[in-house]
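Enquirer: Using the numbering used here, you'd call the opening residue of the sequence shown number 47 and step up by one each time.
Derived from the structure by calculation, the hints contain no laboratory data.
Accuracy of the hints is not assured; some may be wrong.
To be verified - In silico lysine-lysine, BS3-like type, Cα no more than 25 Å apart, as pairs:
1. K188 x K202
2. K147 x K179
3. K227 x K147
4. K260 x K210
5. K169 x K202
6. K179 x K127
7. K210 x K225
8. K127 x K83
9. K302 x K169
10. K225 x K202
11. K169 x K188
12. K127 x K227
13. K179 x K260
14. K188 x K56
15. K260 x K147
16. K188 x K262
17. K179 x K305
18. K56 x K89
19. K210 x K169
20. K262 x K227
21. K179 x K227
22. K127 x K202
23. K182 x K147
Please read all numbers here as calculations on a predicted model, not as lab measurements.
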Amino acid sequence: MKQSNELFEKLESIRKEIENVEYWSARDLQNVFGYDKWENFHKVVKRAAVSIENTSESVELHFLEVRKMFTIGNGAEREMKDYALTRYACYLVAQNGDPNKEEIAFAQSYFAVQTRKQELIEKRLEEAERVRKRDKLTVSEKLLSLLAFERGVDGKGFGRIRSKGDAALFGGNSTGQMKEKLGVPQNRPLADYLDTALIEGKTFAMSITNINIKNKDLQGENDITDEHITNNDEIRQLLIRRGIYPEELSAAEDVKKIKRRLESQNKKLTKTNKKN
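Please work from the sequences and hints to get the whole structure.
Expert: Below, the structure is given as structure tokens:
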């Protein structure tokens, strides 16, 4: 939360306005976005500019190249290239930045939301993070399915492996029982309705299973199941030590709804800039 407050204040402090049009200096954003070298950040800006060329938008309208005087190390001044970036341009720059940087993740939400209310920006940031974590779990699940198939496990066997892993995580409750408990439709994945912490826990347990399948050369449904149960139980014990009982957490909003809402916000951002 402290980091979010600092980033919010920094982005607000460098925000400029001319004739009711807000803009940001690319050189100012470089530091806020966590890039030490202009050369590296300039590549991100150029990628963002290229992405707008495929639309009906004017690159110059959103990425206005300017020349500014900057003070360099010895106190002398030098004229350097800069860009005056619209909110939409800043959003595209954030989308093309390093997703592992916390500053980039926050900036994506800051520039996507058509508001300057910090609490709404942070809510969107949390929602985007949950979608990202859910996507990571999907990748881990696909890898486990592939590894299991290569070691003699069919589709039904893979389903049993996942269900027994869930039972270990949720204190004996099967996947079906947890769906009923949380009001999840039987035709939908349980993970779509889990809290972010549980999604991360499932991903971590599955990642360990995937690693050990290869390292221990596990073969067949029984060996892989035992490994997956052990890893999920370890995650459960870790959560319990922190006062979290997985089966007692309430259902979270359907991650698919969140994904659609975020995509809708992004489309509105584009439409808003087309009108301006």
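Enquirer: Now tell me, hint by hint, if it's right for this structure.
Expert: Results of checking the hints against the structure:
1. Distance check on the hinted pair: K188 and K202 sit about 15 Å apart at the alpha-carbon level, within 25 Å; holds.
2. This hinted pair checks out: K147 and K179 have alpha carbons roughly 15 Å apart, not beyond 25 Å.
3. Distance hint between K227 and K147 is unfulfilled; the C-alpha atoms sit about 37 Å from each other, more than 25 Å.
4. Distance check on the hinted pair: K260 and K210 sit about 20 Å apart at the alpha-carbon level, within 25 Å; holds.
5. A distance of roughly 38 Å separates the Cα atoms of K169 and K202; the hinted pair therefore is violated under the 25 Å criterion.
6. Using a Cα cut-off of 25 Å, the hinted pair K179 and K127 is violated, with the two alpha carbons roughly 38 Å apart.
7. Note on K210 and K225: the hinted pairing holds, with a Cα-Cα distance of about 14 Å set against a maximum of 25 Å.
8. Restraint check: the Cα-Cα separation between K127 and K83 comes to about 14 Å, which is no more than 25 Å; the hinted pair holds.
9. A hinted pair counts as satisfied when its Cα atoms are at most 25 Å apart, and K302 with K169 qualifies at roughly 16 Å.
10. Straight-line distance between C-alpha atoms of K225 and K202 comes to about 19 Å, which keeps the hinted pair within the 25 Å bound.
11. At most 25 Å may separate the alpha-carbon atoms for a hinted pair to count; K169 and K188 exceed this at roughly 29 Å.
12. Our distance criterion of 25 Å between C-alpha atoms is broken by K127 and K227, whose separation comes to about 59 Å.
13. For the hint linking K179 to K260, the alpha-carbon distance of about 24 Å falls within 25 Å, and the restraint holds.
14. With a CA separation close to 40 Å, the supplied pair K188 and K56 exceeds the 25 Å bound.
15. The suggested pairing of K260 with K147 is violated, with an alpha-carbon distance near 30 Å, which exceeds 25 Å.
16. Between K188 and K262, the direct Cα distance comes to roughly 19 Å. Compliance with the 25 Å bound is thereby established for this hinted pair.
17. Straight-line distance between C-alpha atoms of K179 and K305 comes to about 12 Å, which keeps the hinted pair within the 25 Å bound.
18. This hinted pair checks out: K56 and K89 have alpha carbons roughly 22 Å apart, not beyond 25 Å.
19. As the CA atoms of K210 and K169 are separated by approximately 33 Å, the hinted pair breaks the 25 Å bound.
20. Simply put, K262 and K227 have alpha-carbon atoms about 36 Å apart, too far for the 25 Å limit, and the pair is violated.
21. For the proposed pair K179 and K227, the alpha carbon gap of about 23 Å is at most 25 Å, so the pair holds.
22. Between K127 and K202 the CA atoms are separated by roughly 60 Å; this puts the pair beyond 25 Å, and the hint is violated.
23. In summary, the hint linking K182 to K147 is supported, as the alpha carbons are separated by about 17 Å, within the 25 Å threshold.
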